[in-house]
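Just so you know, the sequences run in chain order A and B.
Residue numbering for the first sequence follows the numbering used here, beginning at 1 and increasing consecutively.
Residue numbering for the second sequence follows the numbering used here, beginning at 1 and increasing consecutively.
Worth flagging that the hints you see were computed from the coordinates, not collected in a lab.
Because the structure is a prediction, the values reported are computed rather than measured.
C-beta atoms are modelled at their ideal positions from N, C-alpha and C, and glycine is treated no differently.
Fair warning: there could be bad hints in the mix.
Each computed DSSO-like pair below joins lysine-lysine, with the alpha-carbon atoms no more than 27 Å apart [said to hold, decoys possible]:
| # | chain 1 | residue 1 | chain 2 | residue 2 |
| --- | --- | --- | --- | --- |
| 1 | A | Lys159 | B | Lys10 |
| 2 | B | Lys264 | A | Lys251 |
| 3 | A | Lys251 | A | Lys33 |
| 4 | B | Lys271 | A | Lys251 |
| 5 | A | Lys250 | B | Lys10 |
| 6 | A | Lys217 | B | Lys114 |
Label-pair ranges, simulated between beta-carbon atoms [what the hints assert, rightly or not]:
| # | chain 1 | residue 1 | chain 2 | residue 2 | range |
| --- | --- | --- | --- | --- | --- |
| 7 | B | Thr157 | A | Asp137 | 43 to 49 Å |
| 8 | A | Lys71 | B | His109 | 43 to 49 Å |
| 9 | A | Lys250 | B | Asp57 | 21 to 27 Å |
| 10 | B | Lys114 | A | Arg23 | 50 to 56 Å |
| 11 | B | Ser195 | A | Gly188 | 44 to 50 Å |
| 12 | A | Cys163 | B | Asp243 | 30 to 36 Å |
| 13 | B | Lys271 | A | Pro185 | 27 to 33 Å |
| 14 | B | Gly225 | A | Asp161 | 35 to 41 Å |
| 15 | B | Gly113 | A | Ile145 | 38 to 44 Å |
| 16 | A | Ala79 | B | Asp57 | 20 to 26 Å |
| 17 | B | Leu155 | A | Asp161 | 34 to 40 Å |
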Amino acid sequence: MATIVACYKWVLDEEDLVINPDRSIDVSHARGKISEFDKSAIEATMQVAAQTGDATATLTFGTPDVRKSLKDALSRGPATGYWVGDAAACDADALVTSQVLASAIRTIDGTSLVICAEGASDTYARQIAPRVGALLDWPTVTSVIEMKVEGDSITATRKLDGCLETVTVNRPCVIAVLPAGYEPPIPGLKAVLSAGKKPLHELGIAELGCDPAPAAKVLSSQGFIANRRNVIFVDGDASDKVTSLVSALKKEGMLS
Amino acid sequence: MNEVLIYSDKPSLAAELVGFAREEEHDVTIVTFSPEEASELVGCGASKVVLLDGDSDIPENNARALAGLIDEWGVSLFAVGATPRGRDLAARVAGYLGCGMASDVSAVHLLDGKLSTERLMYGGAMVRSEEFSTPVVVTIPSGRFEAVRGVDSPLETIVIQPDMRVHLVEREPLSQEGADLSCAPRIVSVGMGVSKREDMALIEGLAAALDARIGCTRGIAEERGWVPAEQYVGISGVSVAPDLYLSVGVSGQVQHMVGVRDAKVIVAIDKNEKAPIFREADFGIVGDLYAVVPLLTDALVTAR
């Protein structure tokens, strides 16, 4: 039986990041979550498997902490969870991540379709699906909002700048989906409970033969601080505040 | 030679990328897969234009062949216009070359065989500076560099073998439902603080008084469907740079605010004094929008 593999990334919740006045970033209170876009990749995997009856799995690469993500990932439907947990993930760029994922995919028997999101919610670099496709030398179709799968043949609709493009491709291949086509449902209690019993497979970077050295050398990461005037009218009744605002906008030359 | 190689499926963006290379005095070549685009690109100031003739209707199908040429030519930097097709092709080329890539950079410099870049992360909350050895791939959005015009560059044609495993069935233009906000001088933007669809009339009245276009947050376009998707502003929507951006009921999440960073003046109206938008606004009113907006609309009509 063929297997469909959904790739996902365990990211810090951007809502929990705190930017200090010196522009350093405090991540100590940030919780992990499956990148929102990747939930759509898992949902797309389940929708395709419902059409084909194929086996389903998830695959992720992260720090050893990434193990925590498996229950959430598997509560979304896939039968098996593959994971690579290594401290090297801290510094991994898309070069390293795509090599780890492609090498892991080679070890998952019968993988005929890999589904990714366009990008992760932390880096949003949108490199993984095309890079994994290149490393496996499988055809890749990105920006997909709809797929019909019959046997090995996939008809996919892509949403690009100003056009919808319909293409066909045969498996094995890599597909990157846009969230618009695959809104992820919230897993039910039963699905969450059964996720804990699903089989997990840990893979190691060394056994996969991957070089964890990134191509990108990070020079600095700083919080973005907007340099705005912050003249906020809080007190008084609505008409006073409106008068103050209109007068400020006039001074700025915004109303001429 | 072949220091910088440029590709974009939008010729105007390819021309901007030549502007980047010329600003830093690099030798620059443009590649294209379309004879029509090639004739347009010869006037863009590159040292040469190379038409890669592969007879595929899908530009991305040429990635593997192009990676081979980049390797053969000893290209230092492959700079690609950041469009959906461009990002896809660029990342495939980086995959085939096994090299680094910086996506959607806000700043980029190539000096002494090193590429330094800046890009946003976490939906714009963080600015990350990185450095790469060459060869390296980068995608650059439009609006970062000025296009240059030059004397016609020589055009060369090379026959390549595309990867034909993805077949084009059909391509249909997407009808543009919404307004184009990218050049609007004034924008009134709606957020989830506006509770009922009927209340859009209030917003339309305010926009009319300001002669402004209407924008919105992702929730208003995608969850509530009150405003066409082309008009939502933010990291996954449009980026805008109006003189005046006036938001109503917008809390100011970073994914939205990253799309308005280039606005000259940002004004916020929201009832929650602690809403993050007030930290990123030039002027603001803390108050009930249902009381403030009608008064503001009247005052603006009088003021103009």
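- With respect to the beta-carbon atoms only, verify the hint that glycine 113 (chain B) and isoleucine 145 (chain A) lie 38 to 44 Å apart. holds, 41 Å
- Restraint check for lysine 217 (chain A) with lysine 114 (chain B), where alpha carbons must lie at most 27 Å apart: With a Cα-Cα distance of about 11 Å, the restraint between lysine 217 (chain A) and lysine 114 (chain B) holds, given a limit of 27 Å.
- Task: Would you mind confirming whether the straight-line C-alpha gap from lysine 250 (chain A) to lysine 10 (chain B) stays at or under 27 Å?
- Result: violated, 40 Å
- Assess, step by step, whether the Cα of lysine 251 (chain A) is no farther than 27 Å from the Cα of lysine 33 (chain A), and give holds or violated. The hint is violated at about 46 Å.
- At the C-beta level, are lysine 71 (chain A) and histidine 109 (chain B) separated by a distance inside 43 to 49 Å? Check passed, 44 Å falls within 43 to 49 Å.
- Given pair status - lysine 10 (chain B), lysine 159 (chain A), alpha carbons within 27 Å: OK: lysine 159 (chain A) and lysine 10 (chain B) at ~16 Å, within 27 Å.
- Distance restraint hint 30 to 36 Å, applied to the beta-carbon atoms of cysteine 163 (chain A) and aspartate 243 (chain B): The hinted range 30 to 36 Å holds for cysteine 163 (chain A) and aspartate 243 (chain B), with Cβ atoms some 32 Å apart.
- Message: Tell me if the beta carbons of leucine 155 (chain B) and aspartate 161 (chain A) are separated by a distance inside 34 to 40 Å.
- Response: violated, 26 Å
- Between serine 195 (chain B) and glycine 188 (chain A), does the C-beta distance stay in 44 to 50 Å? Check failed, 30 Å falls outside 44 to 50 Å.
- Item | Distance restraint evaluation - threonine 157 (chain B), aspartate 137 (chain A), Cβ atoms, bounds 43 to 49 Å | Given a distance of about 27 Å, which is not inside 43 to 49 Å, the answer is violated.
- Message: Against the 27 Å threshold, does the CA-CA distance of lysine 264 (chain B) and lysine 251 (chain A) hold or violate the hint?
- Response: holds, 14 Å
- Could you grab the alpha-carbon distance between lysine 271 (chain B) and lysine 251 (chain A) and see if it respects the 27 Å cut-off? holds, 25 Å
Checked against the numbered hints above, the structure violates hints 3, 5, 7, 9, 10, 11, 14, 16 and 17; every other hint is satisfied.
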